[in-house]
Amino acid sequence: MPLERLELVDYRSFRHVRLDLGAGAHVLVGPNAQGKTNLLEAVHVLGTGSSHRVAGEGPLVRSGARAAIVRAVCVLADERRLTVELELRPGDRSRARVDGQPRRARDAIGLVRSVLFAPEDVSLVRGDPADRRRFLDDLLGQRRPSYLVARQEYERALRQRNALLRHAGRDGPTEATLAAWTETLVRAGAPLLAARVAAVHALSGPAADAYRELVTDGGSAGARLGLTYQLSTGRAVPGRVGAGVPEPVSLGDELRAGLAAAAGDERQRGMTLAGPHRDELRLDIGGLPARGYASHGETWSLALALRLGCLAVLSEVGEEPVVLLDDVFAELDETRRARLARRCGDYEQVLVTAAVDEDVPLRGRRHEVRRDAAPHGAAEPGAGSRKATEA
Amino acid sequence: MYEGPVQDLITELGRLPGVGPKSAQRLAFHLLSAEPEDARRLARAILEAKERVRFCRRCFNVSEREECRICRDARRDAHVLCVVEEPRDLQAIEKTAEFRGRYHVLGGAISPIDGVGPERLHIRELLARLDAEDITEVVLATNPNIEGEATASFLARQLKAIGVPVSRIASGLPVGGDLEYADEVTLGRAFAGRRTL
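The listed protein sequences derive, respectively, from chains A and B.
Following my numbering, the numbering of the first sequence begins with 1 at its first residue and continues without gaps.
Following my numbering, the numbering of the second sequence begins with 1001 at its first residue and continues without gaps.
There may be inaccurate statements among the hints.
Claimed, not checked - Under the rule of at most 25 Å between Cα atoms (straight-line distance), these lysine to aspartate or glutamate pairs were calculated in the DMTMM-like manner:
1) B:K1050 <-> B:E1125
2) B:K1160 <-> A:D92
3) B:K1095 <-> B:D1114
4) B:K1050 <-> B:E1066
5) B:K1160 <-> B:D1134
6) B:K1095 <-> B:D1077
7) B:K1160 <-> B:D1077
8) B:K1022 <-> A:E254
9) B:K1160 <-> B:E1125
10) B:K1050 <-> A:E331
11) B:K1160 <-> B:D1131
12) B:K1160 <-> A:E175
These are computed hints drawn from the structure, not numbers from a lab.
Whenever a hint applies, use it, and build me the whole structure from the sequences.
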């Protein structure tokens, strides 16, 4: 679903900017701190409702303005145009319009699909298990918004059960009350487990392909990327292509047994010790854990491969997302740049930011992003799109 | 700040749920410009409700007498009991006209975060009713959110131990939503499709 036009009003440093796009590759070029990343961020906010860089909406609104507007026109697979507008109002409910009609923000978010790779993503490899759990949750939420509702339900059940274990006092909670919350936690957690394992299966093929393509020319065995979903109850589920969705009921039984085994510890420590909130997505390269073993370049390639894998998983259902690559080419060596550029050629639309144009060996339109002091104040970098040139 | 009685009125109205400072002001000035008899009628309604309304000794629904209208109604099926969290949930189900049995109002849901355990709800009284009355089926209609589910799960276990058939209203309801917000059509359907636990 390529974007035909992107328009921002009072978004971060921009007072008003309009970018005319279209299918294919677009390189946003300009020195640092000109707002290139803000443009990609805005597209991503339309897709997920939140920024990958900051929590909350406050920082997204230009200083002095009350609300920021992100508007995108994209072309659907059946050639129809879709216009989505999101108005971010810090401290107030966001508003949205779809094709001009008012909608609830949560019904508009996600209509414009995108997959973003940003420098922050090295935390997928180097960060805590929580970073990788969030990665899976974000992917599943983008695929099916109801997943996010299910995750909220689970978090609520978890907080209640933890409160029960913590404030139980000397006698501890009665068996019957704890049993009720255990059952509620298991029922809320089982669909999450099934969805996460299914996501790991679905991701394993595309991510491994992308990784192999980025780091080797052939099928060298050493470069094999493996994904494994490690359950808090001990069992590890290796990602298998075509394995499908596991049965939630049996995953629930497994979690119930795990909670029973941890019962003594749970009462002592006052917290829930098994469940999706303690699972881990394990990444390994050629059989060795990526965390700790992967070099800088491998870390970047791996994180990038995970995001590109998401693209394939999301494309299975619905429109192909827009690929957003923030400042990635500068981090890769020349061969890997060339391989990434080749892969980008297969995508419907890809938006790339770069400080130096020569870093991006990609055929496509160039857009110069500047923060010129225009008569109205900030920038009109969209004007740069008219300077489109071929590489 | 306004002077004396006007400010008192605004402050009191502002203490009501869902009424912010601006609404409180609007309501106060509306009342000031209304006919004296209108204001008196409202004041009387509040006082009378407070003095005369109590909770049904059998089901804990709001009632004017010792027992509520539904508990006194001989046409209702005395063998089927529907368990809800609050009187307003009972009203939501009544509007669907899908249920002809009687009710039991728990007065909330189990919520450890808020310090509400089963002992704070009318669960003991529910078990006593099962002992005393000839009840052959219990329908659990606690809210379809996490606390409501946990409460249903707690009750289902207790009731099954006694040997009473238990069912839970099916969730054709919005996930995470409160029962009282569900539209009547959805709620009616949920009732028709209740499942055994």
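Given the hint that K1050 (chain B) pairs with E331 (chain A), test it: the Cα-Cα distance must not exceed 25 Å. violated, 71 Å
Can the restraint linking K1160 (chain B) and D1077 (chain B) be considered satisfied, given a maximum Cα separation of 25 Å? holds, 21 Å
Holds or violated: K1160 (chain B) and D92 (chain A), Cα atoms, limit 25 Å. violated, 47 Å
Below or equal to 25 Å on CA atoms is what counts here, so check K1095 (chain B) against D1077 (chain B). holds, 17 Å
Would you check the hint for K1160 (chain B) and D1134 (chain B), treating anything up to 25 Å between C-alpha atoms as holding? Holds: K1160 (chain B) and D1134 (chain B) sit about 16 Å apart, inside 25 Å.
Hint check: K1095 (chain B) vs D1114 (chain B), CA-CA at most 25 Å. Holds or violated? Given pair K1095 (chain B), D1114 (chain B) is violated - Cα atoms ~30 Å apart, limit 25 Å.
Keeping to a limit of 25 Å between CA atoms, is the pair of K1160 (chain B) and E175 (chain A) held or broken? OK: K1160 (chain B) and E175 (chain A) at ~16 Å, within 25 Å.
For a C-alpha distance cap of 25 Å, please report whether K1050 (chain B) and E1066 (chain B) respect it. holds, 15 Å
Do the alpha carbons of K1160 (chain B) and E1125 (chain B) lie within 25 Å of each other, as the hint requires? Within the cut-off at roughly 17 Å; holds.
Is the hinted pair K1022 (chain B) and E254 (chain A) satisfied, with a Cα-Cα distance of at most 25 Å? violated, 53 Å
Sort out whether E1125 (chain B) lies within 25 Å of K1050 (chain B), counting only the CA atoms. OK: K1050 (chain B) and E1125 (chain B) at ~24 Å, within 25 Å.
Hinted pair K1160 (chain B) and D1131 (chain B), Cα distance within 25 Å: holds, 13 Å
Of the numbered hints given earlier, the model fails hints 2, 3, 8, 10; all others are met.
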